[in-house]
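In the working numbering, the protein residues as written are 134 to 331.
Below, in silico cross-link-like pairs of lysine-lysine (PhoX-like), each with a Cα-Cα straight-line distance of 20 angstroms or less:
hint : residue 1 : residue 2
1    : K193      : K259
2    : K273      : K263
3    : K309      : K273
4    : K308      : K263
5    : K263      : K137
6    : K137      : K286
7    : K309      : K263
Hint data in this document are derived by calculation from the structure and do not stem from the laboratory.
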Amino acid sequence: MDNKGLLFIPDISGFTNFVTNTEIEHSRHIIQELLELLIDANQLELEISEVEGDAILFYKFGNMPELNTIYEQVEKMFTSFHEHLKIYENGRTCQCRACVSVIDLTLKVITHYGEFTGYKVKNFNKLFGKDVIVAHQLLKNDIEHHEYWLVTKSLMKDEPPAEFREWMRWVASTKKTENGEVPFLYTQLNKAENGASE
Numbered sequence: 134m135d136n137k138g139l140l141f142i143p144d145i146s147g148f149t150n151f152v153t154n155t156e157i158e159h160s161r162h163i164i165q166e167l168l169e170l171l172i173d174a175n176q177l178e179l180e181i182s183e184v185e186g187d188a189i190l191f192y193k194f195g196n197m198p199e200l201n202t203i204y205e206q207v208e209k210m211f212t213s214f215h216e217h218l219k220i221y222e223n224g225r226t227c228q229c230r231a232c233v234s235v236i237d238l239t240l241k242v243i244t245h246y247g248e249f250t251g252y253k254v255k256n257f258n259k260l261f262g263k264d265v266i267v268a269h270q271l272l273k274n275d276i277e278h279h280e281y282w283l284v285t286k287s288l289m290k291d292e293p294p295a296e297f298r299e300w301m302r303w304v305a306s307t308k309k310t311e312n313g314e315v316p317f318l319y320t321q322l323n324k325a326e327n328g329a330s331e
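Produce the complete structure using the sequences and hints provided.
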């Protein structure tokens with residue numbers, strides 16, 4: 134059990150277009166704020182392996198958490214993210230492209246339970262293992278909308294989870310990799326944002 138744990142990756146969608154087409158100083162500041170906000174919303178005491186530009190690789194060794202506990206973490210980060218975007222939208226004084234288009238950014242979250250370990254390169258701590266690769270491969274998929282929670286079958290007790298959240302509509306899919314297919318389910322998160330503002 135020492136080498137098993139949760140891999141949890143919140144990823145800001147629209148990052149490449151945002152950075153490419155906006156002013157560097159304001160876009161850098163906005164992305165930094167959003168990533169720090171996701172870190173501050175970490176209520177599961179997840180460890181950080183690295184910040185990867187538009188994503189954070191969180192992890193936690195140990196027994197598989199309850200799905201409801203993981204969702205509470207997803208919801209906390211998701212609502213914090215959108216509440217911050219609304220501040221930009223409603224209180225914007227700067228009309229630069231970065232400040233105007235920040236509301237187009239979205240958030241997806243990849244969750245996977247598997248086997249991995251850590252190693253150190255100079256002063257940098259890294260994660261190592263096939264399940265770390267799987268989690269990263271899942272960031273690139275065919276899901277049309279980029280605001281969702283993806284859960285691999287390794288975290289599922291039943292498929293889809295029954296009586297979890299009434300508004301959730303689970304869709305089953307697979308990711309083809311060079312090592313075979315990775316089955317997963319996903320649900321859109323737009324209702325989580327609406328629920329947070331009510």
